[in-house]
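K.L.:
Taken in sequence, the protein lines are chains A and B. With the working numbering applied, the first sequence covers 10 to 182. With the working numbering applied, the second sequence covers 7 to 216.
These are calculated hints, taken from the structure and not from any lab test. Virtual Cβ for every residue (Gly too), placed ideally from N, Cα, C. Take every hint as true, because none was put in to throw you off.
Derived SDA-like pairs (lysine to any residue); straight-line CA-CA distance at most 20 angstroms:
hint, chain 1, residue 1, chain 2, residue 2
1, A, K99, B, Q203
2, A, K112, B, F56
3, B, K42, A, Q110
4, A, K62, B, D83
5, B, K42, B, H62
6, B, K133, A, Q34
Here are some, though not all, of the chain B residues that point toward chain A, as calculated from beta-carbon distances under 10 angstroms:
hint, residue
7, P45
8, L47
9, R49
10, P58
11, Q61
12, N67
13, R71
14, E75
15, E80
16, N86
17, Q87
18, W88
19, T94
20, Q97
21, G122
22, K133
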Amino acid sequence: NMALRELASLEKYLGLKKPNKYSTQGDKKVPVLQNNNAPPLVGLVTIACHLVKEAKRPELLGDGAEGRAVVQQWLEYRVTKLDSHIEDTKSILKDLNLYMQDKVYLAGNQLTLADVLMYYGIHSIILDLAVQEKEQYVNVARWFDHIQHHPGVRHHLPPVVVLRNRLYTSRHH
Amino acid sequence: MELFVSEGNPHCLKVLAALEVTGVQCGVQFLNHEGKVVPFLPRPAVPTLFLPSGQHLFSSNTICRYLFELNGPESSDQCNQWLEWEATILQPALLRALHLAVLQGKGSEVPKVLQGPLNVLDQSLAKGSMAYLTGEAVSVADVVLWGALHPVLSVSSLELTKAWFDRVAAVRGCQSAAQKVLQGKGLEAMKSYMQKQPAPQSRDTQPCNS
Numbered sequence: 010n011m012a013l014r015e016l017a018s019l020e021k022y023l024g025l026k027k028p029n030k031y032s033t034q035g036d037k038k039v040p041v042l043q044n045n046n047a048p049p050l051v052g053l054v055t056i057a058c059h060l061v062k063e064a065k066r067p068e069l070l071g072d073g074a075e076g077r078a079v080v081q082q083w084l085e086y087r088v089t090k091l092d093s094h095i096e097d098t099k100s101i102l103k104d105l106n107l108y109m110q111d112k113v114y115l116a117g118n119q120l121t122l123a124d125v126l127m128y129y130g131i132h133s134i135i136l137d138l139a140v141q142e143k144e145q146y147v148n149v150a151r152w153f154d155h156i157q158h159h160p161g162v163r164h165h166l167p168p169v170v171v172l173r174n175r176l177y178t179s180r181h182h
Numbered sequence: 007m008e009l010f011v012s013e014g015n016p017h018c019l020k021v022l023a024a025l026e027v028t029g030v031q032c033g034v035q036f037l038n039h040e041g042k043v044v045p046f047l048p049r050p051a052v053p054t055l056f057l058p059s060g061q062h063l064f065s066s067n068t069i070c071r072y073l074f075e076l077n078g079p080e081s082s083d084q085c086n087q088w089l090e091w092e093a094t095i096l097q098p099a100l101l102r103a104l105h106l107a108v109l110q111g112k113g114s115e116v117p118k119v120l121q122g123p124l125n126v127l128d129q130s131l132a133k134g135s136m137a138y139l140t141g142e143a144v145s146v147a148d149v150v151l152w153g154a155l156h157p158v159l160s161v162s163s164l165e166l167t168k169a170w171f172d173r174v175a176a177v178r179g180c181q182s183a184a185q186k187v188l189q190g191k192g193l194e195a196m197k198s199y200m201q202k203q204p205a206p207q208s209r210d211t212q213p214c215n216s
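Given these sequences and hints, build the entire structure.
P.N.:
Structural data, given as structure tokens:
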């Protein structure tokens, strides 16, 4: 299950020592976090935000009400648009490419949970892109490359070569 | 701060209700469905909240959560869970139900399509003995779910859900938000909005029995 692997990687990234117990529920295999002394928590974003609070890393959820809203916005985009397959892949890449034009991270000026979960969710799409498409969505490619090289984020996913120039420019010029 | 909404769009009902319930000061502009508000989204995205910093919030649940957090505490795990459930489980079923009822005149099939999600809601309300979904006070989860279900709940027969629904409806501001978006015309008010939505995919057309 993809969501459970993501949560395991997130736990490692957050440095949580005690692994949590998970199961899934329903046709859509929604992740469930089993809590010893509280009711179980259901849903990828809900559980991920809970883990971030458990790890005492509030900066990963954004700064202030507005910063938190922008992080939540992209977390919601991840589980509704990216995961539902209602929108086609191209329109998602177009949205993100235009949005990322003048940005380094999805929300604010530092890495947040929105970057981490979007990176996990979009990995298979980027992996399948042809070279020309990676050039077409260059802002997404640049962001993706930045996040996959962020210390401790990548974990369960193979690295993807997204920026050709990075590898060849020095040789040709 | 400026909120862009349109008539007949059920997501606008949620954000207008959240705005009235929280009492946050904010300008409201009604647009037609083609209104393009968010510069980086090629499709119309209504509702959208335009923040003074220049940021756009373009999804209804995020807008509702932000409005509640402006005057109150951060959204709890329980609230987060209901908002995620609403966006990922309830909304796809609602889209199918509204498509049937508003565009195909098959309102009688709505209960079957919504049975699964409404059972989840009903069981949760039965388990807790609280007045609202997450406690004794109305929360962002109540307003979002009430707004989402308002157009179709007249066809539901689940009693606990109905009691909760009526309790939220009685919260000051909820009814006037519904009036602004649906204009007292019920499902008919959503026709032009629904005509512009993508048809639900075939793999999603089976009733949800989870």
